[in-house]
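Enquirer: The hints should help you fit chain P with the ligand onto chain H, whose structure is shown.
Chains as they are written, first to last, in the working numbering: chain H, 226 to 429; chain P, 66 to 356.
Hints should not be assumed to be uniformly reliable.
As the list claims (entries may be wrong) - In silico DSBU-like pairs for lysine-lysine, Cα to Cα no more than 35 angstroms straight-line: (1) H:K324 x P:K177; (2) H:K390 x P:K177; (3) P:K124 x H:K378; (4) P:K177 x H:K378; (5) H:K399 x P:K123; (6) H:K375 x P:K303; (7) P:K337 x H:K378; (8) P:K177 x H:K355; (9) H:K317 x P:K337.
FYI, nobody ran anything at the bench for these hints, they're computed from the structure.
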Amino acid sequence: MMPVKSSSPYQALVIGVSAGGLNALHNILPKLPKSFPLAIIVLQHRGEVVFDGTSHNDFLISYFQKDCAMSVTEATIGAEIKPGNIYIAPAKYHLLIEKTKVFSLSLEPPVNFALPSIDVLFDSASACYKNQLIGLILTGASSDGSTGLKTIKGRAGLTLVQEPKTAEVDFMPKSAISLHTVDHILPLDDIAEFLCQLIQGDKE
Amino acid sequence: MTPSTQAKPQVYSHRPNEDEVMALEIKLLLQAIAFRYDYDFSHYAQASLTRRINNCLKKSQLNNIAEMIPKVLHQPEFFELFLKEMSVTVTEMFRDPKVFKELRNKVFTQLKTYSRINIWHAGCATGEEVYSLAIMLKEEGLLHRCQIYATDFNNQSLKVAEQGIYKAEKISEYTHNYQLAGGKASFADYYQAKHGYAKIHNDLKEHITFAHHNLIKDQCFAQMHLIICRNVLIYFDKTLQNNVLSLFNQSLLHRGYLLLGDKESLEFSKQKNNFDTIAKDQRIYQKISYE
Ligand SMILES: C[S@@+](CC[C@H](N)C(=O)[O-])C[C@H]1O[C@@H](n2cnc3c(N)ncnc32)[C@H](O)[C@@H]1O
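Looking at chain H on its own, in the form it has when it is part of the complex:
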């Protein structure tokens, strides 16, 4: 882990990930230092199976908290989004970010066959954080998130995509890349280091 100065022009990082997500996230999140000055909001698609949403999320949270220096919690309705925290989107609701930088949830039909949907999160996140937002699309077998990432770019945020060759399932990264010229396409192993350098101002 590397120490980090907090002079970042960015306030938040939204990560959209689907199939293969557990490994990909586990490659990135534990490498980020406790002092990481951004709020990180993770949206991991859930499978089709009927399950008890709460306990599934409890699993995700404790799984990551075990190995992460940053604190990991569920994104709860009305909670203020604070830097240095990793928030995990709950199952069965769409997660949105209000302009006041608090989370809200919405029970709506799936978008792009996904509930929660990455596009819904990215769209509201970029309306809130504008050019202070980083969007990242990782492995997955869905096209959800591609439009949302383009929206982030449209509001002058920074867009990142996992290099498809390094993805367990390359469909989602490829889909995101095909929709707009993303700022950086990065191999999975390099993403955490890239983020740390980025917020130190070593990268644009």
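Expert: Here is chain P with the ligand on its own, set in the frame of chain H:
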């Protein structure tokens, strides 16, 4: 010409951008609707409201939100469409089965002591949840003592709820949920299957009154033993959430119960101290009696 004050990189120019124009359009649209129909959406959570207004825009094939304003002012049928889009009707039977199980174990057992039981189901949408409730009450031998008021501000949803006819393709999922919720009989006992549809039996409806009630402006109408309002507060901002919770508090009898949705809680509300927590994860609360 833009003023020559030096802009910081993260600050946008002084000319209003698309987002700011849209925010104004939405504000004006909501004003028009409040003025014309007395539906005030200004305290709905902005992010999902914006999303749904944009969905409505796409469906109506207009060019921008501003064009919706004359439409809502002069075409009540357009407002009906708008309202339909605003009122998210997603619901199911026995959603979160554990909740129904807890309701049975912790609340119904207490309600048994009353000879007459008033229940308010606010935001019942198309009725799936209120029939789930009626089934559980029936199995506990309580339904005949109950008066259930099932309300929503969407009249179209209320019509569907009153009919109690649902797509048969959902039945296997509902049956599974029913069992997880501690169902004591067979779920098939409660509906009649016909041509791809399942019609809820009439005896479950006898104790339910469906009625229009707008949580933003309408008042309490009876003293309740139990209020159920799930996945409605998520659409409201803090102010409106507090108003509605205070309305619920007023409507409840002493020691009355309140059930909220899976992601809603009293934790950060002004009503926190007026309620005991009966089941934290299932969001079951009980009004504190100061007697
Ligand atoms: C997502 S549904 C919840 C249905 C059901 N309670 C459940 O959890 O499955 C939300 C419902 O709240 C209703 N609603 C929204 N705003 C309302 C208001 N101001 N007054 C009454 N009902 C409202 C909508 O019409 C919709 O039927």
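Enquirer: The structure should be examined with respect to each hint, and the outcome stated for every one.
Expert: Right, here's what the structure says about each hint:
With a C-alpha separation of about 46 angstroms, the suggested pairing of K324 of chain H with K177 of chain P is violated against the 35 angstroms cut-off. Restraint check: the Cα-Cα separation between K390 of chain H and K177 of chain P comes to about 63 angstroms, which exceeds 35 angstroms; the hinted pair is violated. Taking the CA atoms of K124 of chain P and K378 of chain H, the gap is near 25 angstroms; set against the 35 angstroms cutoff, the hint holds. The hinted pair formed by K177 of chain P and K378 of chain H fails the criterion: a straight-line CA distance of about 59 angstroms is larger than 35 angstroms.
At most 35 angstroms may separate the alpha-carbon atoms for a hinted pair to count; K399 of chain H and K123 of chain P meet this at roughly 27 angstroms. For the suggested pair K375 of chain H and K303 of chain P, the alpha carbons sit about 31 angstroms apart, so the restraint of at most 35 angstroms is met. Among the hinted pairs, K337 of chain P with K378 of chain H is inconsistent with the structure: their alpha-carbon atoms are about 41 angstroms apart, more than 35 angstroms. For the suggested pair K177 of chain P and K355 of chain H, the alpha carbons sit about 55 angstroms apart, so the restraint of at most 35 angstroms is broken.
With a CA separation close to 26 angstroms, the supplied pair K317 of chain H and K337 of chain P stays within the 35 angstroms bound.
Checked against the numbered hints given earlier, this structure breaks hints 1, 2, 4, 7, 8; the rest are met.
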